Each structure stands twice: as C-alpha cells, then as structure tokens.
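K.L.:
Residue strings, one per chain:
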Amino acid sequence: MFDASTIQEQLTIALVETLETMAFLSPMPVDGEPAAPERAMLVRICFSGPTSGRIDLVAAPAVGQALATNMLGLSTDEACAMEDVARDALKELMNVLCGAVLRQTPSGGAGYEMQIPDASAFDVQGHWATFIATPGAVVLDADGSTIAVRMT
Amino acid sequence: MAYTILIVDDSATTRAFIKRTLKLTGIPTDAVLEAGDGKAALDVVAKNKVDLVLADLHMPIMNGIEMTRQLLADEKTKAIPVVVVSADPNTDRLEQLKSEGVRGIVRKPFTPEALKSALSGLLAEVAHV
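So the protein lines, in turn, are chains G and Z.
According to the numbering used here, the stretch in the first sequence is residues 1 to 152, in order.
According to the numbering used here, the stretch in the second sequence is residues 153 to 281, in order.
Bound-form chain G, shown alone:
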C-alpha cells in the first residue's frame, strides 16, 4: 500500500487527533524501547476500497478505562468496574481512528468501506515484540499507558 514511513506518519497523526479530540488524552512518543504492558486488548478493523488492509491496535486495559472516564465523565472507579464500557470505548476509538487514517489517503477517503471493529485479548508474551517491530508501527504513551498501532 504505502511505504512504512508514510504509514507511520498517517497512523501517528490520526491517533493523536483522535485521542486528543475524543478523550482529551495527550499521547507522546515513548522514550527508548517500549515496555510491554502486563495485559492488553487487541482491536482490529478491516477496510477495503482503492486499497485494502487492516489496522490493529494493542492497548492496556488502562487505556480503555481512561477513554471511558474522559468520554463519559465517569470516575476512575466506575470505569474500572465497567469492563464492557472500556472495551466498547476501545472499539469506538478504532472506528474513529480508521476513518481518520483513510481520510489521509490520496482519495481523501472516497471509495473506502470500513468493517465493524473486533476486540479480543492480546497475547503480550507471544506477540508484543513482533507487533511493534512491524514496519510502520507506532507506539505512544497516553498518560502513562501504552498504545501500539500498526497497519498491514
């Protein structure tokens, strides 16, 4: 589709815009080697159109909780207790992120179709290193929690 540096730039721009606008989070680059989260969720979305592909996002549970807290005005305790809401918030993050990425393509988004995002547990031990080594992958720190995104 595109070269790795273009993908990385597109993902970074879209992720920062989405997190700042949706959830008032200020993601920053990670200093040094990104540490693997203890637990994480994988959210995936497929798209088709002038090009086809998939965006994967790996995030610690704290990211979903922070999203839920900031999007909905919940307290931290409320957000921690509502795992479904945190998962739903991550899926909506992916939905919005994918739209923002595709709007950066040469067609400006015209002709693209997005699928519904899917969320599942992520095998950190088995797959974190491979995930962040994907050419074009982005790893950011969002208020103390790690988010990694790649497009394939």
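Everything labelled a hint here was simulated from the structure, so no lab data went into it.
In this text, all values refer to a predicted model and were calculated from it rather than measured experimentally.
Think of the CB as a built atom: it goes at the ideal place given N, C-alpha and C, for glycine as much as any other residue.
Hints are not guaranteed to be accurate.
Computed spacing ranges between beta-carbons, pair by pair [said to hold, decoys possible]:
hint, chain 1, residue 1, chain 2, residue 2, range
1, Z, G253, G, G32, 51 to 59 Å
2, G, F24, Z, G273, 44 to 52 Å
3, Z, A164, G, P106, 34 to 42 Å
4, G, G108, Z, V278, 30 to 38 Å
A few chain G residues that face chain Z, going by a derived Cβ cut-off under 7 Å, partial list only [unchecked claim]:
hint, residue
5, M71
6, V96
7, R103
8, G108
Go by the hints and put chain Z onto chain G.
P.N.:
Chain Z in isolation, oriented as in the chain G frame:
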C-alpha cells in the same frame, strides 16, 4: 425552546458520549432519546415527537442510510432533520446522503463546538415551525 433529540448508534458508549457532548454544547434539551439501530430509531420516532436525529451510518439490523431514507419517505417524519455523526471516510457516500436530504454531517472525532455549529441552524428552523 427545548428540543427532543434522538441519538442512533450501535455503540452504547458512543451514544453516552454524544449525549454528554450535547450537554456541553448548551443546547437546551427536553429529552435525549437513544436507539441502537435504525429500526429501533424508527420505533422511537413513531412514539415520540422528535425534533432532530443524530445518526451513525453503520449499524446492525437497519443501518443509518436505510433509516434516513425511510424517515424522508414518510410524510409524517420527512421534516425531522437528520444529521449523520460518523467516522465513515467515504466522501461519495456522504455527499450522496446530503443530496438525498441529510441536513448535516458531523465527522468523528468532533468537539462540542463542531457539534453545536452543525446543529444550531437546524434547531433554529425547528423552533420556527
């Protein structure tokens, strides 16, 4: 005047977020109703006096495109403004919907200011009907 606004989105979190953002805009609301898909939204509209519909496009059972077309085809509901609130990047589809009668598009992610800007003119029309 205070308005009854219907939010249609299959994500409960997103509906709650839009509801919260609506509150932040300061737009006076009598009631904010919710539906998880287009068919449920049509049921809500049939049973309530709705002033404005905020709708996602991609939902199960009945999507926002079909829901909008049914609202516009019905004499009783065609005057209710529908504003699409979506992450859909497909500009062709969005332009097509506007040509069919959708009154506005709010792209996700959006700020309270962007939502208010999209709705204020439409609600002023509703107030004068």
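K.L.:
State for each hint whether it applies.
P.N.:
So, going through the hints one by one against the coordinates:
Remark: the range hint 51 to 59 Å for G253/Z to G32/G is upheld by a beta-carbon distance near 54 Å. Distance hint check: the CB atoms of F24/G and G273/Z are about 27 Å apart, inconsistent with the given range 44 to 52 Å. The beta-carbon spacing between A164/Z and P106/G, approximately 35 Å, falls within the hinted interval of 34 to 42 Å. In this structure, G108/G and V278/Z meet the distance hint of 30 to 38 Å, their C-beta atoms being roughly 32 Å apart.
Interface hint status for M71/G: upheld, as the beta-carbon distance to the closest one in chain Z is roughly 5 Å, under 7 Å. Here the hint on V96/G is kept, as its CB sits about 5 Å from the closest CB of chain Z, short of 7 Å. With its C-beta approaching chain Z no nearer than about 5 Å, R103/G sits inside the 7 Å limit, and its interface hint holds. Annotation: interface hint on G108/G holds; nearest CB of chain Z at approximately 6 Å, less than 7 Å.
Hint 2 from the earlier list is the only one contradicted by this structure; the remaining hints agree with it.
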